[in-house]
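Place chain B on chain A using the hints.
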Amino acid sequence: MLTYFLLFAAFLLLAVRFLKLLRLKRRNLSNAEIDQHLHALLNEKRDSP
Amino acid sequence: MRKRIGVQFRKTRKTTHTYERIQACTRCHTYHVLWETHCETCGRTYTPIRQASHAVTRRYVQTRFLLLGLFVCLAVLSADTLLQLALAGGIGCVLFVLFFVMQKKYGSYERDVQFQHFLTREQETLKKSLLRHLEEVGNDVKEGHLKEAYEKTRELGHFIDSDTIKIRKIMFLNHYVLRKDMELELETLIPSMYDKDFMEYVREVIKVQPSLVKKSVLQYVRRYKNQILLLENGDQLIGQVAGAALRMKSYVDEYQDLIIEFIDFLPRERLLRLAKMVQTHKDEGWEQLYHSTKNRVDTHYAFDPDFKGIL
Numbered sequence: 001m002l003t004y005f006l007l008f009a010a011f012l013l014l015a016v017r018f019l020k021l022l023r024l025k026r027r028n029l030s031n032a033e034i035d036q037h038l039h040a041l042l043n044e045k046r047d048s049p
Numbered sequence: 001m002r003k004r005i006g007v008q009f010r011k012t013r014k015t016t017h018t019y020e021r022i023q024a025c026t027r028c029h030t031y032h033v034l035w036e037t038h039c040e041t042c043g044r045t046y047t048p049i050r051q052a053s054h055a056v057t058r059r060y061v062q063t064r065f066l067l068l069g070l071f072v073c074l075a076v077l078s079a080d081t082l083l084q085l086a087l088a089g090g091i092g093c094v095l096f097v098l099f100f101v102m103q104k105k106y107g108s109y110e111r112d113v114q115f116q117h118f119l120t121r122e123q124e125t126l127k128k129s130l131l132r133h134l135e136e137v138g139n140d141v142k143e144g145h146l147k148e149a150y151e152k153t154r155e156l157g158h159f160i161d162s163d164t165i166k167i168r169k170i171m172f173l174n175h176y177v178l179r180k181d182m183e184l185e186l187e188t189l190i191p192s193m194y195d196k197d198f199m200e201y202v203r204e205v206i207k208v209q210p211s212l213v214k215k216s217v218l219q220y221v222r223r224y225k226n227q228i229l230l231l232e233n234g235d236q237l238i239g240q241v242a243g244a245a246l247r248m249k250s251y252v253d254e255y256q257d258l259i260i261e262f263i264d265f266l267p268r269e270r271l272l273r274l275a276k277m278v279q280t281h282k283d284e285g286w287e288q289l290y291h292s293t294k295n296r297v298d299t300h301y302a303f304d305p306d307f308k309g310i311l
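One line per chain: the protein sequences are A and B, in this order.
The first sequence begins at 1 in the numbering used here and counts up one residue at a time.
The second sequence begins at 1 in the numbering used here and counts up one residue at a time.
Only chain A is shown next, with the shape it has when bound in the complex:
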């Protein structure tokens, strides 16, 4: 019984990973977007406390 339970856990892990990768594929981040993000990070102005 434990064997089946562990196999199911392994399968679940793979399924979750598959869904995560699928979500990332849909997002399809381009290099230009990453570059833009970097610029935004480095040039963002902090609000003074």
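Just so you know, nobody snuck in bad clues.
DSBU-like, lysine-lysine: derived pairs with alpha carbons at most 35 angstroms apart:
| id | chain 1 | residue 1 | chain 2 | residue 2 |
| --- | --- | --- | --- | --- |
| 1 | A | Lys45 | B | Lys225 |
| 2 | B | Lys249 | B | Lys294 |
| 3 | B | Lys14 | B | Lys249 |
| 4 | A | Lys45 | B | Lys147 |
| 5 | B | Lys128 | A | Lys20 |
| 6 | A | Lys25 | B | Lys128 |
| 7 | B | Lys215 | B | Lys276 |
| 8 | A | Lys25 | B | Lys104 |
| 9 | A | Lys20 | B | Lys104 |
| 10 | A | Lys45 | B | Lys215 |
| 11 | A | Lys45 | B | Lys142 |
| 12 | B | Lys214 | B | Lys276 |
| 13 | B | Lys127 | A | Lys20 |
| 14 | A | Lys45 | B | Lys128 |
| 15 | B | Lys11 | B | Lys142 |
| 16 | A | Lys25 | B | Lys14 |
| 17 | A | Lys45 | A | Lys25 |
| 18 | B | Lys11 | A | Lys45 |
| 19 | B | Lys3 | B | Lys214 |
| 20 | B | Lys11 | B | Lys225 |
| 21 | A | Lys25 | B | Lys105 |
| 22 | A | Lys25 | B | Lys127 |
| 23 | B | Lys127 | A | Lys45 |
| 24 | B | Lys215 | B | Lys14 |
| 25 | A | Lys20 | B | Lys105 |
| 26 | A | Lys45 | B | Lys214 |
| 27 | A | Lys45 | B | Lys14 |
| 28 | A | Lys45 | B | Lys196 |
| 29 | B | Lys196 | B | Lys215 |
Reference listing, derived: stretches of chain A covered by chain B, where coverage requires no fewer than 3 residues with Cβ under 8 angstroms from a Cβ of chain B:
| id | region |
| --- | --- |
| 30 | 9–17 |
| 31 | 32–44 |
Computed from the model, here is a short list of chain B residues facing chain A with C-beta under 8 angstroms:
| id | residue |
| --- | --- |
| 32 | His17 |
| 33 | Thr18 |
| 34 | Leu68 |
| 35 | Phe71 |
| 36 | Ile91 |
| 37 | Leu98 |
| 38 | Met102 |
| 39 | Tyr109 |
| 40 | Leu119 |
Rather than coming from a laboratory, the hints here were simulated on the basis of the structure.
Even for Gly, the Cβ is constructed at its ideal location relative to N, Cα and C.
Chain B in isolation, oriented as in the chain A frame:
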């Protein structure tokens, strides 16, 4: 007028994306955007930032794989019958294969997203590293090493979009004789406000690389025309810029008013080009420009053989 000196600037690295310029020292956990290949502190070879991020992603994927392997191994070990053992082994193999196929097919998307997260996490360290480079520039200026200071500021300018950096670069560049073979910049130096030194730089750049005059520069000149006219030979300077705009028909279309207003300050060779252009396109809304050009040619170049028969 300050005396300019001749100089040979270091060639800048050509990259498609800005992040390709960032190098990481994985031992000191610092970043570097200049030209050195080894860390000054520990001597270790720098790693491109993307590679450093991929290493983190790889570790994450490896832990997921190990977790999967752990479940499968435990399933095999806990099998009570031969059927359970065979099932655990068979299903385990299928799950491993699926994991590899998924990774091969979608791994690149994960790497990109993880890289973006990595940059967000490293934001403060990146900023600190850039700040350290800015301090180096300050030291170079104090020691009179203006060439190094410019080269470093030029590299930092790829990351920091601020007037301070732009104005500093302009000030450094105005110390040197500009040449055709130099990797000069113009669009990236346009400050958000009017800057006298920038216009002095434009004056010099146009002499050697007029092709650097693009739409944003023309826009700037049009916006701050009144202030530029207050400069010494300001009208000539705008004439030079208007002359550089004659490289492209679309610029002439958009900046006709500027060209007409400063047509008297166009150099002869530029006026000749304008005459040829207006002759070809006079029926495309360039009537006013045509008349202004014709008027200028008739009054100043009526006996010039090069202008004969053009208009």
